[in-house]
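Keeping their order, the protein sequence lines are chains L and H. When we follow my numbering, the leftmost residue of the first sequence carries the number 4, and every step to the right adds one. When we follow my numbering, the leftmost residue of the second sequence carries the number 4, and every step to the right adds one.
Please keep in mind that the hints were generated in silico from the structure rather than gathered at the bench. Warning: the hint list may mix true and false statements.
Claimed, not checked - Residues from chain H shown here face chain L by an in silico Cβ test under 10 Å; the list is partial:
hint : residue
1    : Ile-8
2    : Leu-11
3    : Gly-22
4    : Ala-48
5    : Phe-51
6    : Leu-58
7    : Cys-61
8    : Pro-62
9    : Ser-65
10   : His-101
11   : Thr-104
12   : Gln-131
13   : Leu-134
14   : Asp-160
Stated by the list, open to error - What follows is a list of derived Cβ distance ranges for each label pair:
hint : chain 1 : residue 1 : chain 2 : residue 2 : range
15   : H       : Ala-172   : L       : Tyr-116   : 37 to 43 Å
16   : L       : Lys-221   : H       : Ser-226   : 33 to 39 Å
17   : L       : Glu-157   : H       : Lys-221   : 32 to 38 Å
In this text, all values refer to a predicted model and were calculated from it rather than measured experimentally. Using N, Cα and C, we set each Cβ at its ideal position, and we do this for glycine too.
Protein chains: 2
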Amino acid sequence: MNTLINGLPCDTISVHDRGLLYGDGVFRTLLLRHGKIQHWQRHYAKLFADCGTILLPCPAESLLYDELANLIQDAQDGVAKIIVTRGTSQRGYVPSPHPATTRILSLNPLPHYPEEFAKSGVRLHICQLRLAHQPRFAGAKHLNRLENVLASAEWDDPDIGEGLLLDEAGYVIEGVRSNIFVVKDGNLLTPDLSRCGVAGVQRERVIDWAGQQGIACKIMPISLDDLLRADEIFLVNSVIGLWPVREMPGYHCDHHPVAQSIRNWINHETD
Amino acid sequence: MNTLINGLPCDTISVHDRGLLYGDGVFRTLLLRHGKIQHWQRHYAKLFADCGTILLPCPAESLLYDELANLIQDAQDGVAKIIVTRGTSQRGYVPSPHPATTRILSLNPLPHYPEEFAKSGVRLHICQLRLAHQPRFAGAKHLNRLENVLASAEWDDPDIGEGLLLDEAGYVIEGVRSNIFVVKDGNLLTPDLSRCGVAGVQRERVIDWAGQQGIACKIMPISLDDLLRADEIFLVNSVIGLWPVREMPGYHCDHHPVAQSIRNWINHETD
């Protein structure tokens, strides 16, 4: 059984669960390598913060960790997902001040991506869909993900590794399932996510790593023009690690020395 | 059994359903009175259009209607809910071009609201949360409803009947669970919902009714100042029918002749 609900083997939830009714919950996607969940502390800290953002009590760390251990058992590699919802409801939108949350843990096989995505880089599609500004819960990994779904429907060319999402003002925000970094004149830049986007764990790790290396990493508004003038561009998330960007309309780059050195660090360091 | 999933009695769905994972679906809330679903044709037309907005094939009208009839059986009064999701997924955000949708039908008792909400009008809370502009799926009743949930958490005074939602630009858009109309100099005004908000069936009925009565109903941007200068304000949805607005910060109105005449029509006419 590869799914646990509130600690028990089960793969269905109530149709009255607010996760379904309203997308009223948050989630995390965690990499399992060599039998160990990567960066658990950081993921739990994000889950806790995201729950706070939507006024949801976060399950205790020890409870989730024990349930994850029970879920994983002897598995070596895979992708674990944790969803926390506000539980069932009969009261319309109004959230209970003391909800009985639903914890959904599932384990899936590692996805297979073409090897050249990591080695030579990916092509980006620039999505037509623009992300809306919702500062009230920007940055959080909540279950309202229709923007990502509809953006993902914009291309079906398997050579395109990721879609680039701009916001309603035209600024670069993220990939559909990843965060984005720019290398320019030896510095790192990554978009400000205070109005939209998801602030992932791998993004946070790269920012912290840059600080430790004495490399400036600026969190700032980044225009599409800034992107096209980049020395290098790369994407990160917890599952893919790091993919350099080889190509997008108006941009081509075959050499990614900075991105590859960060990728080596991502793939070999733990924290 | 008061829940049907894909036509069969059941009240759970897969944890892999995209309705849960991403809020990837749409819904409708329908009033059952005297054993009859009110305004079915309009609801189905909205469901069909909303499915189209998120690139989801809509179940056939006859299929849903037969399932609703089966759900309702001998019930006389209640609230029926139809949810259509993009079904299960193992592929991340990317939607299948030919999804096996999930149909979830449920029947609940009529909610009990204080009688004076309809007769004397309600107090409005002006929500701090501002609606984000997402023209790609504005107007549709989709399952990404965190804005409504968090706005609903802003007050707990039972004398407040509804929350007023403004958009990120400060314009009046809707109630948390209702659409809003303004009466001014004998005309009706209702907010433009092309950038955010849900365009409900009752709103559409009132707009059509006004046209038949030779009353101008303008769909336009409405500022909070416009609202405070209104002769009357009222809220509509399929379940409450119509509630006049008696009070909000900066506004008080005890006489609602236009709203009450429309309420009489709403409560006695069918289409």
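Verification of the hints:
{"no.": "1", "hint": "Ile-8", "result": "holds, 7 Å"}
{"no.": "2", "hint": "Leu-11", "result": "violated, 12 Å"}
{"no.": "3", "hint": "Gly-22", "result": "holds, 5 Å"}
{"no.": "4", "hint": "Ala-48", "result": "violated, 21 Å"}
{"no.": "5", "hint": "Phe-51", "result": "violated, 18 Å"}
{"no.": "6", "hint": "Leu-58", "result": "holds, 6 Å"}
{"no.": "7", "hint": "Cys-61", "result": "violated, 16 Å"}
{"no.": "8", "hint": "Pro-62", "result": "violated, 16 Å"}
{"no.": "9", "hint": "Ser-65", "result": "violated, 23 Å"}
{"no.": "10", "hint": "His-101", "result": "violated, 13 Å"}
{"no.": "11", "hint": "Thr-104", "result": "violated, 14 Å"}
{"no.": "12", "hint": "Gln-131", "result": "holds, 8 Å"}
{"no.": "13", "hint": "Leu-134", "result": "holds, 8 Å"}
{"no.": "14", "hint": "Asp-160", "result": "violated, 12 Å"}
{"no.": "15", "hint": "Ala-172/H x Tyr-116/L: 37 to 43 Å", "result": "holds, 40 Å"}
{"no.": "16", "hint": "Lys-221/L x Ser-226/H: 33 to 39 Å", "result": "holds, 37 Å"}
{"no.": "17", "hint": "Glu-157/L x Lys-221/H: 32 to 38 Å", "result": "holds, 35 Å"}
Against the hints set out earlier in the document, violations occur for numbers 2, 4, 5, 7, 8, 9, 10, 11 and 14.
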